[in-house]
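Colleague: So the chains spell out like this:
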Amino acid sequence: MTRRILIIDDEEDIRQVAGLSLETVAGWEVVLANSGKQGMERAEQEHPDAILLDVMMPAMDGPTTFLQLQKNPKTAKIPVILLTAKVQGSDQRRFAELGVAGILFKPFDPLTLSTQVSQTLGWTQIH
Amino acid sequence: MSQHERLFTHWLSGRPVWLAMFALTLLSTAYTVIVMMYSGSGLVWSPAKPVVIFLTWGVMQTCFAAICLLKLRHERHLRSALIEKESSETAAEAVDAALEIRYQDYFENLTEMIGMLSAEGKYLYVNSAWQRYFGRDAASARTLEGFASAFPFAIQSQAAAIYERALAGEHIEQVHLRMEDSAGRTREMEASLFGLREAGRPRAVRCILRDVTLRNQRERRLAMQLGVGQVVQEASTEDSLPRILSALGSHLGFDLVELWRVDSGHQVLRYGSMWMAADCVLPSTLAKSSITEFAPGESLPGQVWVQGASIWVEDIHSDVRFSTRDGAKSDGLITCWGVPVRVGNQVIAVIEFFSRKRMAAEVEIMATVETVCASVGQFLGRSIQEKRVTELNRQKESILNTVADGILGTDQHGRVTFANPAAARMLGTVPNALTGRFVHAIVHEDVYGSPTACASHCFIRRGLFAKDGAHGQDIFYRPDGSSFPVEFTLTPMQIHGSITGSVLNFRDVSQRQALDRMKDEFVSTVSHELRTPLTSIRGSLGLLSTGLLGEVNEKAANLLRIAVNNSDRLVRLINDILDLERMESGRAPLSFRPCSLSELAQQAIEAVTPVADNASVKLVLRTGPIEFVADPDRLQQVMTNLLSNAIKFSPPDSTVTVSIEKSDEGVSLNVSDEGRGIPEDKLETIFDRFQQVDASDSRQKGGTGLGLAICRTIVDQHGGRIWAEQNPVRGANFRMFLPADPQQQARPEPAPSAERETVLISTGDGETRTSLAASLRFHGYTVIEASSGRETLAHAQRQAPSAVLLDLTLPDMSGWEALRILKEEPATSDVPVIILSAHAISKASTLGLGADGWLQVPAQESDLLEELSSVLNRQKTWAEILLVEDDLDLARVISATFERAGVHVLHASTRQAALELCASFTPSLMILDVGLPDGDGYGLVERLRHHPELHSLPLLVYSARDLSEPERAQLQLGPTNFLTKARVQAQEVESLVLAMLRAPSQNVHTSGYSIPGIPSFMVSHSYDTPHTHH
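Residue numbers (our numbering), protein chains in the order written: chain A, 1 to 127; chain B, 10001 to 11030.
Be aware that one or more of the hints could be misleading.
Under 7 angstroms between C-beta atoms, here's a sample of chain A residues computed to sit facing chain B [said to hold, decoys possible]:
no., residue
1, Thr24
2, Gly27
3, Ala96
4, Leu111
List time: in silico DMTMM-like cross-link candidates among lysine to aspartate or glutamate, alpha-carbon distance up to 20 angstroms [to be verified]:
no., chain 1, residue 1, chain 2, residue 2
5, A, Lys71, A, Glu29
6, A, Lys71, B, Glu10817
7, B, Lys10357, B, Glu10234
8, A, Lys71, B, Asp10181
9, B, Lys10387, B, Glu10397
10, A, Lys77, B, Glu10817
11, A, Lys77, B, Asp10812
12, B, Lys10519, A, Asp91
13, A, Lys74, B, Asp10181
14, B, Lys10648, B, Asp10664
Counterexamples of contact, computed for chain A against chain B with all Cβ distances above 12 angstroms [said to hold, decoys possible]:
no., residue
15, Ser35
16, Glu46
17, Gln68
18, Pro110
Derived by calculation from the structure, the hints in this document are not laboratory data. Keep in mind that this is a model prediction, so the values were computed, not measured. For each residue, glycine too, the CB sits at the ideal point set by N, CA and C.
The task is simple: from the sequences and hints, build the whole structure.
Modeller: Below, the structure written as structure tokens:
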């Protein structure tokens, strides 16, 4: 089954690399958004199966975006995984208490990114 | 003889009377003869005539005889009187003589001086005392020309004056004279004179002189003692010294008194104070006094000081000790007396008395003054003490006022008795506004409206009554609602084992926390900034190297591989640097908990197995189950590091062995490989940063150069050692030793009450779950584990745990969500939930959102147990009682007894405290000790009669003695029972109280009723509600 993943990150390069990784390695469909605001729009429109959400973004940061997504009934059910370079313990605990589905760290291994996403969300892999 | 007789006889004694009588006799006889003769001559003789004649003659003769007789009698009387007079005069003379002998004897032995003077002023008689005193014998005295001439010239006019007055008839009593005796000493005399008068003219003067010198001196001394004593009593400051010296000097008759104080530090005597008689002028002495100092033994004061005894110098001019005191000599001072003033055995001052007149040492004066000096010593000693105390107080105050930490002192009830300025400032108020209020009301005010809400969470309530106090971090609130984070220490004050109050010491750590946060943010930001571009690099390279995006030739693939590896290495380097930096700055403190080293090793091995497989290296673990208190994450980091190093340096098909051993001293870990080994000179340096054995390897193999440095830091923080050894055969051994710290290794005793309590641990974090479960099981709790919200709810409903530990980070739902559901479901709403969270900040909101407890993770075992048991105990509380008892030890015993039975005890030790508690709480019963310090139990009961809810409060009164009926009548509210202290034990009180609590509306009659555990004779009486009486 092909999954559709929405990647929200303000860094162009990372969007590309991550997107390419998921597409080439897992064959998933990828939707990109460059900000929290755009991400929310895309989420509403595209109904992704999961969202990879960057934390450090100007304007609306990851956690705020997440909370907004939760508030919107159309997007509240979409599982969100934080993809972040903020790896410190204190940061981690803070994110965990938000209630996101999981946290993955940057830099990631492009070959295993999709596997990690699947594991986190409890998807069985078929590829 | 009567007066008339006397007069008559006196008249009769005159001569003319005799003549008259004689004539009368003659005449009468002649007449009779004539008459008889003429009776024959013609005259008619009748018998009557001779009778008449005879009668007449008879009468006349009788008269005559009578007169004669009277005369005779008179004469005889006179004669006898004369004889009497003569004999009495002789007798009188004899008596006089005898008396005089006796008087003389008596006068001679008198100490009074007695003199008899004639009216002309001649000394007729002087007794021996007089003679001795005036230095004259009797004969010499009689040669004196007048009374006054015996006296010294100076008072002669005075003496003469009183003599004249005495002569004039005035009674002179105790006139005061002052003169020098023959030895030249000044004496004070009292003269009493009285003149003997005869026939209106002075005959003699008797003079009595008393030497009252001694008496006067004694009186003065007493007055002086009283005077000094009074001053010493009243005076508290040094300003009273002159007054004391004045009292001494004036009463003793000295002209100058100087006080010299001992300066023991410099070993000199320095001028202290002085007093001078009003009429004295001593220019030279005084000029020098204030600058004079005496060394030990120097001059009189110096010697008095050294010898510790008083010294009397009658004439300073001839005394060598005064050779330097020219001032004193030139001012005319003659006698000097030095007295030591002591406190205990130490001389602290010397008093010098000077007199312009020569005074001889008198033992009595000296003894009296020395006694007085003891009081003076006490006074001086006291003022020294007081000065020291004032100084210490000042120091203490200035310390308390200056210190930056807030300090609050409380009494045993938790009411603030002292607040320093820093505390008031931090709390946004003034010290006066803090004193008298309950401390936890002050610091937790805004959040927890009334004191009850912070209940057992409140470290203050726990700390106030725990012998060890409390310390840690908390949040204090100000009256305006703002808050600030604090680090605090609450220490109880104990006197003889009972808690008399406490000291709360706190510091505003918001700045430090802000700083820490800033540093953390910086590190986090740096890390983030470094990692972000690396992500792109790593990702791109990785993708390229897969070949999925296009054919890559071998060389290109190689280069790509190199690039990927190095970007990985860069990431690891960033991690290590930041890790090391955080550990060493203390911002990543270790969290010690009991862990299984064998399991950690197992996990580490699992983590590196892929790498080992790749390198065809075999991994072997030799260990048994080993429990140790350490930071498991960090230890695992060390193990993983050592393992990956070992693998890196192992040739293919070799074995890396991990062995762990435990001994009494600690645990040892050994990781050995069969690789190249480490040259001896590098065994230490490899633990330095960025050091390698040689150019070839570790970096080649992807190491960061920091791994061992990090390992060492971690092991150092555990108090252990890590080092490398050469394997005798080949390869290297990396060894680690962690000492068993007895304090750390000690686990709290399993609490008996934990038995059979079930606790549901719910957390997505396996690590935490395992560790918490292990701790709780060790202490006898039955543990159910859940790793998701769904599991949690299911278990909670089915298995009815006694408590739930709920982590906020659940994988499938938010912890808050789970909490809400638990509290809404009737099956689980009563189960207390303790939230596990990483932050202290959320504490307030945690409790506000309905949780029953809160625990910060990673948690210390002791905190876990404490929070759990307090939450569980609270659940079991089914009643709240008020204990009014001023004996704290007894109160503690009673409280503990009831808490165990699930009854919460509010304790007040004074009436006032009890009333305050009644204002906030509504207890179900009150235990009252009638003898309270601030107003007895009667007053309290009286006040409570007007309380809307508590007027019918069940009451258990106990008193030291049996109470009378009227006393008991005063002490009832609702159903009331009375116990006498000496006759009951705590268990009996408990039984009675529990019985009363269980049947509050019934009277617990004790007479004729049996209450389990209480023999009826021990419980004296009970009353119904006020309306019915027995």
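Colleague: Checking each numbered hint in turn, tell me which of them this model violates, lowest number first.
Modeller: 2, 5, 7, 8, 13, 14, 18
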